[in-house]
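Colleague: Read off the chains here:
Protein chains: 2
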Amino acid sequence: MNGAESLLKTAAAAGIGICFANPGTTELPLVSALDQTGKIRPVLCLAEGVCAGAADGYARMSGRPALTLLHLGPGLANGLAYFHNARRAATPIVNVVGDHASWHLAADAPLTSDIEALARTMSVWVKTSTSPDGLASDMSQAVYQSARGLATIIAPADYQSQRATRSQPPLPPMRMNRCSADIVEGIARALSAAGEKAALLLGGQALSARGLSAAGKIRAATGCGLIHETFPARIERGADQPAVDRLLYVPAAARGMLREFTLLVLAGAREPVTFFGYEGQPSSLVPPQTRLATLAPSPQDECFDAEEALEMLAGEFAGGSAGPQQAHAVAAGCPSGPLTPETFAAAVAAVQPEGAVIVDESVTSGFGYNQASAASPPHTYLVPHLGGAIGHGFPLATGAAVAAPGRPVILLEADGSGMYTLQSLWTQARESLNVTSVICANRKYRILQFELGNDTPSRPSSAADTLLNIDRPDLDWTKIAAGLGVPAESVTTAERLSEALARAVSEPGPHLIEAIL
Amino acid sequence: MNGAESLLKTAAAAGIGICFANPGTTELPLVSALDQTGKIRPVLCLAEGVCAGAADGYARMSGRPALTLLHLGPGLANGLAYFHNARRAATPIVNVVGDHASWHLAADAPLTSDIEALARTMSVWVKTSTSPDGLASDMSQAVYQSARGLATIIAPADYQSQRATRSQPPLPPMRMNRCSADIVEGIARALSAAGEKAALLLGGQALSARGLSAAGKIRAATGCGLIHETFPARIERGADQPAVDRLLYVPAAARGMLREFTLLVLAGAREPVTFFGYEGQPSSLVPPQTRLATLAPSPQDECFDAEEALEMLAGEFAGGSAGPQQAHAVAAGCPSGPLTPETFAAAVAAVQPEGAVIVDESVTSGFGYNQASAASPPHTYLVPHLGGAIGHGFPLATGAAVAAPGRPVILLEADGSGMYTLQSLWTQARESLNVTSVICANRKYRILQFELGNDTPSRPSSAADTLLNIDRPDLDWTKIAAGLGVPAESVTTAERLSEALARAVSEPGPHLIEAIL
Chain D
171 MNGAESLLKT
181 AAAAGIGICF
191 ANPGTTELPL
201 VSALDQTGKI
211 RPVLCLAEGV
221 CAGAADGYAR
231 MSGRPALTLL
241 HLGPGLANGL
251 AYFHNARRAA
261 TPIVNVVGDH
271 ASWHLAADAP
281 LTSDIEALAR
291 TMSVWVKTST
301 SPDGLASDMS
311 QAVYQSARGL
321 ATIIAPADYQ
331 SQRATRSQPP
341 LPPMRMNRCS
351 ADIVEGIARA
361 LSAAGEKAAL
371 LLGGQALSAR
381 GLSAAGKIRA
391 ATGCGLIHET
401 FPARIERGAD
411 QPAVDRLLYV
421 PAAARGMLRE
431 FTLLVLAGAR
441 EPVTFFGYEG
451 QPSSLVPPQT
461 RLATLAPSPQ
471 DECFDAEEAL
481 EMLAGEFAGG
491 SAGPQQAHAV
501 AAGCPSGPLT
511 PETFAAAVAA
521 VQPEGAVIVD
531 ESVTSGFGYN
541 QASAASPPHT
551 YLVPHLGGAI
561 GHGFPLATGA
571 AVAAPGRPVI
581 LLEADGSGMY
591 TLQSLWTQAR
601 ESLNVTSVIC
611 ANRKYRILQF
621 ELGNDTPSRP
631 SSAADTLLNI
641 DRPDLDWTKI
651 AAGLGVPAES
661 VTTAERLSEA
671 LARAVSEPGP
681 HLIEAIL
Chain H
171 MNGAESLLKT
181 AAAAGIGICF
191 ANPGTTELPL
201 VSALDQTGKI
211 RPVLCLAEGV
221 CAGAADGYAR
231 MSGRPALTLL
241 HLGPGLANGL
251 AYFHNARRAA
261 TPIVNVVGDH
271 ASWHLAADAP
281 LTSDIEALAR
291 TMSVWVKTST
301 SPDGLASDMS
311 QAVYQSARGL
321 ATIIAPADYQ
331 SQRATRSQPP
341 LPPMRMNRCS
351 ADIVEGIARA
361 LSAAGEKAAL
371 LLGGQALSAR
381 GLSAAGKIRA
391 ATGCGLIHET
401 FPARIERGAD
411 QPAVDRLLYV
421 PAAARGMLRE
431 FTLLVLAGAR
441 EPVTFFGYEG
451 QPSSLVPPQT
461 RLATLAPSPQ
471 DECFDAEEAL
481 EMLAGEFAGG
491 SAGPQQAHAV
501 AAGCPSGPLT
511 PETFAAAVAA
521 VQPEGAVIVD
531 ESVTSGFGYN
541 QASAASPPHT
551 YLVPHLGGAI
561 GHGFPLATGA
571 AVAAPGRPVI
581 LLEADGSGMY
591 TLQSLWTQAR
601 ESLNVTSVIC
611 ANRKYRILQF
621 ELGNDTPSRP
631 SSAADTLLNI
641 DRPDLDWTKI
651 AAGLGVPAES
661 VTTAERLSEA
671 LARAVSEPGP
681 HLIEAIL
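Each protein sequence line maps, in turn, to chains D and H.
Numbered according to the numbering used here, the first sequence spans residues 171 to 687.
Numbered according to the numbering used here, the second sequence spans residues 171 to 687.
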């Protein structure tokens, strides 16, 4: 057994079953060892951003870490933007980066760079292995640390090839911190006193079916509002779930929502702040008169059992009736007419089947989707770009589909974002993944025009016209997809979108629909 | 005038005329300021790797830095792999990265990350501006520092918008270190003594027309060999230039070349090392019995006038005749038959017109090109991936074409590498750049199969089969290119490649040729 085999055997023993990889020469012993180990399925991605984003999607759907296998500093660098998003989602990922043979580093050969410095920017834990046996013990530790987010092992090529004596058994899982009974009682009293003037702000694991069920009971008992973070890593939604309002993205609108409440209880969420800093406005979205209480911190900050905390809180009201759930908006029928952000959202919401996994990086085109789909059949909803790094949708959907082969994945993808990682389509084709990518083709970075306060078209040939529009030439997504092995069609009306989406979702393998808005 | 305008006016005054950009919200004041300044042309790239690689190509062809404009940590991260290559080429680039408003950083909003830590990994100089007027003085300093490589300014959004009092005049260029007469005399004596047992190893500016002319004179006078680095950032080649041998990539072959010499004089080059570390071999490629002497260090290590050093050395032999240049290989005619690495290289070499700019990221498919094109009409030859980060070819060719609009650019691109940055094609179409991309479609990471010592096909369904082949499905480059706005065709014979290449080069705008090998 060599170091590479001991590393992979340790990973497999800890429950890792998949590796999103783009290896190079310094990772070849690990490539060979994948066959020796046999329990970890390699998935080739044609650029490292796809590996990073797919690992994030896989873990969000499976709850288990995936491996990523990347090639030295440049390979890692290409994955960092989506590791940044994954960091904000606190997604468990074990990232293995090959490095030169340890004795070759002093030569400062062309591919040499400060891999540790790169890794530290987005990892909760980084280790450069120092011996062949170190690879297995570092893997064991990395799986443990990944409970908090990205754990990176830098694996020198010589240790991968050299003889190792043993693999490592898995460590017990990281202990989650738990909410104290005192805090729960205090928050229960405050919620009872505030009634409808209180709200829970839910994030992280509080948005699981278990967390939401408890939150629904708390609302039934106290009349409090339920709000979720603007960009949830994962939330169970639709007809069977308690209705939860989304904290709106536009700061004035978000402040308007929160102004209704004198008490905001954080459950798996941080105090909400504006995405960007706006002159003359504070960073916090919480009005000065609103009191904050923390039931469970964000998973970004602490490994904490938010589900249990919500259930403890719900238990404080156990005497009362569960009461009726807040009424959902009524599901609308299939819309008709030209595609607009409104008809686009309504068409997707009307067609998506029960059990669908919705990955939403539609940015401005999908602003209406959340409301439109509130009463759609039960589905899982994932926002890729928690950290604002765009282009994460294609890879996230790819990884989610690997983790949930029985469920159709529908990706709502902005064209500007989608252009970052279209290589993902090839992996979807190779792995025959049931992903339907709906491209919202408005041919501009609409969000930036919005932020520029520029709702009128830019002056022709101005820098804003050059840099905020992605027309001239128009992208033809059907050709791009076909070139990458994914069948595709283009639609311009809500009726055609509905038909195409229903057909694509019901057929096996990936599809792409270009929705011209 | 706001801070953004003062920054751009300072850049324009220092001779910067182009900005490869993918801005976001925190860079919008700079987008608006591009119009106020008027002298810097914005070029939109649909992913930051394209910005970074294009800036590298622009500077290699123009000798002047371009700006890159990137969006916070994730935007910078996406550019780092090609900044790593640019660092190995010591290319001048001024990189502006927007950041949150300075007062918003404490909120740790989603897009917040350690931008300085990311930038430091690949930059020779990094500065976070601390006031609106700081943006101009930092730009002035960044242009100065870019003589050594990548200079990064982190520009908080609030300072971009706030009032600034002045722009800054350009600083005098960085002084280059120069070779002392003593060292030149010593090397001249050693070269005379060693005769044909000495060689010059040329890199960096030693490969300019001026440097090569001097090197040719030194060879004529002493009989020494002329060798250039395996991956030259830029070299003038072809019928009018002295023939220079390429240091071969495969370590045994490189050692075989160098074993002929008792003296190796470094001119703009480092002591050559193997690209990767191979068990049982030293890192250095220089045999123990070969003495090293440094005439001019690599531009990676020092800002040094290698051209002057070579001319001083040539001057030591001024009494002698310039003598005949070493004979070039005879240019072959157009080859025929199925495409192989050999006929591929011969076809390109036979068709490329005088003044062509050849960007070579063909990896294994182009191993024969260097020799085949030795007697082609005068051309400039650029290797993108000096630091081993693949996918740099498409963006480098894009930036080179922006810098040299009158010259046809021919990109020889491996399919595995090309898949990293195919977004570049859209920018080529939008900017109507005369780039012909020839994709060497062998549908595998052939170099990795080679490194694995695996010249026979991998066992079906093995990890090596999964991870080192990029078939199933085959990429259709003609559809991908058409979807991105670039006309394309596919060829399978040397005759068809020659015809297609000749036609594409003579027509304006970008083209793509998929060469199925």
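No lab work stands behind these hints, which were simulated from the structure alone.
As the structure is a prediction and not an experimental result, all values here were calculated from the model.
Quick reminder that beta carbons are idealized off the backbone N, C-alpha and C, glycines included.
Just so you know, not all the hints are guaranteed correct.
Unchecked claim - Covered stretches of chain D (in silico footprint by chain H; criterion: 3 or more residues with CB under 8 Å from a CB of chain H, positions within the stretch not fixed):
1) 275-284
2) 596-605
As the list claims (entries may be wrong) - No more than 20 Å apart at the CA atoms, straight line, and that leaves these computed lysine to any residue pairs for SDA-like:
3) D:Lys614 to H:Arg600
4) H:Lys209 to D:Pro630
5) H:Lys614 to H:Ser628
6) H:Lys367 to H:Thr432
7) D:Lys209 to H:Ala287
8) H:Lys209 to H:Met171
Colleague: Please go over all the hints and tell whether each is borne out by the structure.
Modeller: Hints, one by one, checked against the model:
{"no.": "1", "hint": "275-284", "in the structure": "holds (count 8)"}
{"no.": "2", "hint": "596-605", "in the structure": "holds (count 3)"}
{"no.": "3", "hint": "D:Lys614 to H:Arg600", "in the structure": "holds, 14 Å"}
{"no.": "4", "hint": "H:Lys209 to D:Pro630", "in the structure": "holds, 17 Å"}
{"no.": "5", "hint": "H:Lys614 to H:Ser628", "in the structure": "holds, 11 Å"}
{"no.": "6", "hint": "H:Lys367 to H:Thr432", "in the structure": "holds, 6 Å"}
{"no.": "7", "hint": "D:Lys209 to H:Ala287", "in the structure": "violated, 37 Å"}
{"no.": "8", "hint": "H:Lys209 to H:Met171", "in the structure": "holds, 16 Å"}
Of the hints listed earlier, the one the structure fails to meet is number 7.
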